[in-house]
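Participant: The primary structure of each chain is shown beneath.
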Amino acid sequence: MQFEKGVPVQWLAEFTGATLKGDTNQLATGINEIHKVTKGDISFVDFEKYYSACLQSAATIIIINKEVDCPEGKTLLIHPDPFSAYVKIVKHFRPFEPGNKHVSDTAVVGEGTHLQPGVFVGNHVRIGKNCIIHPNVTIYDHTVIGDNVIIHANTVIGADAFYFKRRKDRAAQYDKLESCGRVIIEDHVEIGAGCTIDKGVSGDTIIGMGTKFDNHIHIGHGAVIGKNCLFAAQVGVGGKAIIEDEVILWGQVGVSKDLTIGKGAIVYAQSGVASSIEGGKVYFGSPVEEAKAKMKELNWVKRIPEIWERLTRIS
Amino acid sequence: MQFEKGVPVQWLAEFTGATLKGDTNQLATGINEIHKVTKGDISFVDFEKYYSACLQSAATIIIINKEVDCPEGKTLLIHPDPFSAYVKIVKHFRPFEPGNKHVSDTAVVGEGTHLQPGVFVGNHVRIGKNCIIHPNVTIYDHTVIGDNVIIHANTVIGADAFYFKRRKDRAAQYDKLESCGRVIIEDHVEIGAGCTIDKGVSGDTIIGMGTKFDNHIHIGHGAVIGKNCLFAAQVGVGGKAIIEDEVILWGQVGVSKDLTIGKGAIVYAQSGVASSIEGGKVYFGSPVEEAKAKMKELNWVKRIPEIWERLTRIS
Amino acid sequence: MQFEKGVPVQWLAEFTGATLKGDTNQLATGINEIHKVTKGDISFVDFEKYYSACLQSAATIIIINKEVDCPEGKTLLIHPDPFSAYVKIVKHFRPFEPGNKHVSDTAVVGEGTHLQPGVFVGNHVRIGKNCIIHPNVTIYDHTVIGDNVIIHANTVIGADAFYFKRRKDRAAQYDKLESCGRVIIEDHVEIGAGCTIDKGVSGDTIIGMGTKFDNHIHIGHGAVIGKNCLFAAQVGVGGKAIIEDEVILWGQVGVSKDLTIGKGAIVYAQSGVASSIEGGKVYFGSPVEEAKAKMKELNWVKRIPEIWERLTRIS
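So the protein lines, in turn, are chains F, U and X. With the first letter of the first sequence counted as 1, position 110 gets the number 110 in this note's numbering; the numbers rise by one all the way through. With the first letter of the second sequence counted as 1, position 189 gets the number 189 in this note's numbering; the numbers rise by one all the way through. With the first letter of the third sequence counted as 1, position 87 gets the number 87 in this note's numbering; the numbers rise by one all the way through.
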């Protein structure tokens, strides 16, 4: 997320109880995860093995749990628990704003757009022109929807990222990483009934122009789906997955987080994509392989009794 | 769908910009897909390889993109883009009718039926007697529900078919085939929470008498589910699948489109039915095989190391 | 379920048309399934092979379809159709109570809890403090929710158990076992969007303290989920499964009913757990095996062509 106006690092230090090191006069302009930070962003790191990646990233303000050397032009916020300090900042700038009616006063809805009964439109949502939002759809705060979008009934856009930090010394072990990202749905997208598209942790979940989803599809936090994709029913996509343009996923396909599916790939039903796969090919299996190779393998499996038979004849 | 009264083919030609050939005076009585057209129906064809199937079907009025010979007693509507002409007709006779309250004025709800809070009942819906429709269920326009039906919360009945035509030369590549079919739910059916049952493209999606669905089930457009079936949670069924009476599908089973599952078949959890299977048998696997054969195969796989061992001893 | 006050067995006999045998003066204090009955409970049995298990259980009042010897201190309700008699009792003590507004008058909602627009809260529901219930969530009657719980949009808590008795001689073959159990969600639980958690048939479905669910998760009737579990999206858990503390299930995992997953087990995506598995281990496959063994097996399968090659060279 980007702040509306810059936030002084001194204020951040005081607000979180952190100690400043490095440039103590600059302004933070946004919050982001390590894989997509830009200049001016706040990020955090609490595992020693990720220190150098974070310190060398584009992030300008780094919340860290050890007093290390501060790179030129950056600011360190030294805090014993960077996760908590980060969450405190997120909650301050993206507080939970209770809704008291079905369409919030701060939502902007374009001309020719129909909101059917029971639709909830949260705070600061923008919806474009000529959309149909079917009954009982829930659109969380800060979502951005383009023109000519159709969202079928009971779908949920913008629920929180599923992202927790484990604290084994506590009774309730999981601390929630509060999300400050958004969902962005581009023009001409159609989303089926009963789908869920989560907001990004700090960046945006994006559904590209012209993409069509069937029902019961789950898209994890910060995933980026390309243009003109087709996903059949009950597909699930993990957080921060990148799915390029014109990818076709058949029913019940599962896609792990943090991977890329190349442009134009086709994945057959019930397959599981556990790591990145190239575009322009057809895949099957859990974990997936190229479909032709997988089909051959399935045939080989059927020949095991024949192999056994032949083996017993000669030994 | 059937029209309320016949539509002159000359009006259709003018409305779509098509050229008439054959009988120019008859009335169209309905719209249907090629696999279930009857006399009087409009259908369309735009691929040369399907021309003869469509021309020889029961359809009386055929929208086609080539001037071919018109079979006796039929009417051709010659149009450069039959898909668009067809969609224009569907949109005219089944326009989107915005809802402005939770139960539309044109809905008919039988005696003893409870509609819980948040239920949306669209235009022209008919619901029978002694039903319970739990909170936040969405029932799209034209749905027909019998007597003694229970629908659990947040289920969606009658969302649009997932059916698109690709136009690779456009930025947004997929054109939507507008649906004019319905969902018909027969007596004594129970549908779990969070299910989605799509309407047919032009025919009806049918859930047979006495069938029971657990939660999160997806039924694609135009599928026909028999009587007294049991589907466990998270089952997905593709468009136009035919599932005969008394079929049992366990959890997370996936069924492809355009196939038949015979009466009384049982399919074990997580299986994938990719093509038609006979009734009266038990199945497992993705793709499914008869369960006993599949279990044997799984055992054979476990014996590969033994085969290898034996082979290395003799060679 | 427990009755508010004891119910005389003579009233039960008269109400159901059963014949009393054994102690004809005692009070029933609750209703329960055979696997969790306690003293004072009513249970029922209608298959001869389960007679002795039921008669020897802790149940005090047993509805049975044969006149057998009555164990000391118990009461038999002899009835030709124990299932129907049992359902009649359940319906009497847990009648369907129509809701006429979004938050029922008998619901109790704790301080600091936000109910967002479109949330339905049924009769006799208790919700603790500082919870957020997002839009269009449905909470059925009798649900109990602790403090600091978050439930995301369009989730359904407490729908009926998927439990039917087949009567092959009827047109609509399945008779519904009416549920009288509840869902209990402990403190610090977070439930994703579009989930469904069914109530127990007579006991309670429990989601343990600190457990976190992603979206589209299904939990069957009477399942007991431990503390600090993490379930990724589209997981399905069958009825009465017991999942101990700190279990992690990745996306699209399916868990059968009536089994136990031991503490701290991790199950990889798309796996199917068909029978009980020990805690502290990592699993994969459908049906699951220990992940390392399964990975080895997948590698062995890839070597079949090599085995064939070697075999043809020597025979």
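Just so you know, the hints here were simulated from the structure itself, not pulled from any lab data. One should not assume that every hint holds.
Said to hold, decoys possible - Think about it this way: if two alpha-carbon atoms lie no more than 20 Å apart in a straight line, the pair counts; the simulated EDC-like pairs of lysine to aspartate or glutamate are:
# : chain 1 : residue 1 : chain 2 : residue 2
1 : X       : K129      : F       : D175
2 : U       : K21       : U       : E4
3 : U       : K129      : X       : E4
4 : X       : K296      : U       : E297
5 : X       : K176      : U       : D147
6 : U       : K302      : F       : E309
Participant: For each hint, tell me whether it holds in the structure or not.
Facilitator: Verification of the supplied hints:
no., hint, verdict
1, X/K129 <-> F/D175, "holds, 18 Å"
2, U/K21 <-> U/E4, "violated, 25 Å"
3, U/K129 <-> X/E4, "violated, 33 Å"
4, X/K296 <-> U/E297, "holds, 17 Å"
5, X/K176 <-> U/D147, "holds, 15 Å"
6, U/K302 <-> F/E309, "holds, 16 Å"
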